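K.L.:
Listed here are the chains, written in short residue letters.
Protein chains: 2
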Amino acid sequence: MNKTKEKVNAAIVIIGNEILSGRTQDINVVTISKWLNELGVKLEEVRVIPDIENSIIKTVNELKKKFNYVFTTGGIGPTHDDITSKSIAKAFNLSYGYNKEAYSILEKYYGKTKFNIGRKKMAMMPKKASLILNPSSGAPGFVINNVYCLPGVPSILKSMLGGLTNKIKGGKKILSKTISLHTVESEIAKSLGEIQHKSKKVDIGSYPFFRLGKIGVSIVIRSTDKKKIDDCYKEIVSFVKRKKINMIGGK
Amino acid sequence: MNKTKEKVNAAIVIIGNEILSGRTQDINVVTISKWLNELGVKLEEVRVIPDIENSIIKTVNELKKKFNYVFTTGGIGPTHDDITSKSIAKAFNLSYGYNKEAYSILEKYYGKTKFNIGRKKMAMMPKKASLILNPSSGAPGFVINNVYCLPGVPSILKSMLGGLTNKIKGGKKILSKTISLHTVESEIAKSLGEIQHKSKKVDIGSYPFFRLGKIGVSIVIRSTDKKKIDDCYKEIVSFVKRKKINMIGGK
Chain A
7 MNKTKEKVNA AIVIIGNEIL SGRTQDINVV TISKWLNELG VKLEEVRVIP DIENSIIKTV
67 NELKKKFNYV FTTGGIGPTH DDITSKSIAK AFNLSYGYNK EAYSILEKYY GKTKFNIGRK
127 KMAMMPKKAS LILNPSSGAP GFVINNVYCL PGVPSILKSM LGGLTNKIKG GKKILSKTIS
187 LHTVESEIAK SLGEIQHKSK KVDIGSYPFF RLGKIGVSIV IRSTDKKKID DCYKEIVSFV
247 KRKKINMIGG K
Chain B
7 MNKTKEKVNA AIVIIGNEIL SGRTQDINVV TISKWLNELG VKLEEVRVIP DIENSIIKTV
67 NELKKKFNYV FTTGGIGPTH DDITSKSIAK AFNLSYGYNK EAYSILEKYY GKTKFNIGRK
127 KMAMMPKKAS LILNPSSGAP GFVINNVYCL PGVPSILKSM LGGLTNKIKG GKKILSKTIS
187 LHTVESEIAK SLGEIQHKSK KVDIGSYPFF RLGKIGVSIV IRSTDKKKID DCYKEIVSFV
247 KRKKINMIGG K
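As they're listed, the protein sequences go chains A and B.
The first sequence runs 7 to 257 under our numbering.
The second sequence runs 7 to 257 under our numbering.
These are calculated hints, taken from the structure and not from any lab test.
These numbers were taken from a predicted model, which means no experiment stands behind them.
You can take every hint at face value.
Since the list gives no way to pick one copy over another, a pair counts as held whenever it fits inside one copy or between any two copies.
Calculated lysine-lysine pairs in the DSBU-like style (CA-CA distance at most 30 Å, straight line):
#1 K114 / K249
#2 K196 / K134
#3 K220 / K40
#4 K40 / K64
#5 K247 / K126
#6 K207 / K96
#7 K183 / K234
#8 K249 / K120
Chain A extracted, bound-state conformation (with noise of 0.2 Å):
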């Protein structure tokens, strides 16, 4: 039998100064989450540091014993500042050069003459890395054991996903169903709880929203369990024509 893990996590850890600066707004958690959600794989942590080797070190080292998968975002490109390769050679304790595959494909998209110095840099792995290949700027990404390491350029992260999707072990897949209401948390916060309390293996959460000038809260329930879903769903509908608060969409 073919059995499949209940649980499956991963941590993402976003390597750049220009997140914490706060020039740049990050997207990439919001893509890797919901590719994550689609092989069954919760995503648990998210960490961002600076591009100083000791913190991606000791990040990386912690985040890879806690959890099944680690992606970092960042730090692989041709500059000074990219630094994540060879801290991530350090984190596993292995040598740190060029990949010859790498340096292969990353010489017959630039040509020989273009190949210059920032380039080559950007086939510099860990020793055993395996590739992650970039439809879109030639530069791969690699894994380590469970670390997976992508670019920070959102668009180029994204078409790298693809390719690493059967290379993912997920669990049971993440379910979920959204109510969005006419209503203020506090209304029916008492109800919620006493909903959440009573159901197991199902995560009930709660968000206010404003929207086109209006205020309402949308409840979102999570399990593996499409059953448990839709009992929560039901016991929820129920409460809310009770107190006869709006659903927002009519169902």
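Using the hints, position chain B against chain A.
P.N.:
Below, chain B alone, put in the same frame as chain A:
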């Protein structure tokens, strides 16, 4: 003499399953980070963690020792998944109960008849908490030592930062200057690396971009010392001209 500390740092803890699940795009990091820059506080780490008591306690206890300031966002609302206040109380070994001032603010805000159990929950805080007033929706945040607890809703969070400004003692303000070029990173990597190597107390970041179908690189120079930024800027402009690379903005 009123000495300004050279370096004051901070971390943000985003508490929220909705960020980890990819359902919600965080924008609070950029807001807080830019506000901290203005105050001379450097954001050095961000963690996104789930609505789980142990995760909150462990993370906050670790970061409050490592950083001058810790800001948490999320989990201080009225519903069952809002567990930040209680968890912070446990992290500090403080009792958890009604804060008289918060209770009175909320009672006035909602009126006695509408001050239900969910709303009352928002007045529960660790003992000795001092309040962070909320000009947009009543419910206050709170401070315990160097830990500042803010809500997750971006517009409310933003409205509360103004009232905090004079409570934060920053260091020297971090200044920055950006040069945007029509080039690719690998063309400038070597020269930029050399400049970074000899420029102490200056951080040079290199960020590729794709804008209106054109590719380019933004170089960001950051330091607390304006003269060092200016010197670094001149050196970069000099090699950029030598290499006949076009600057965007034409300076």
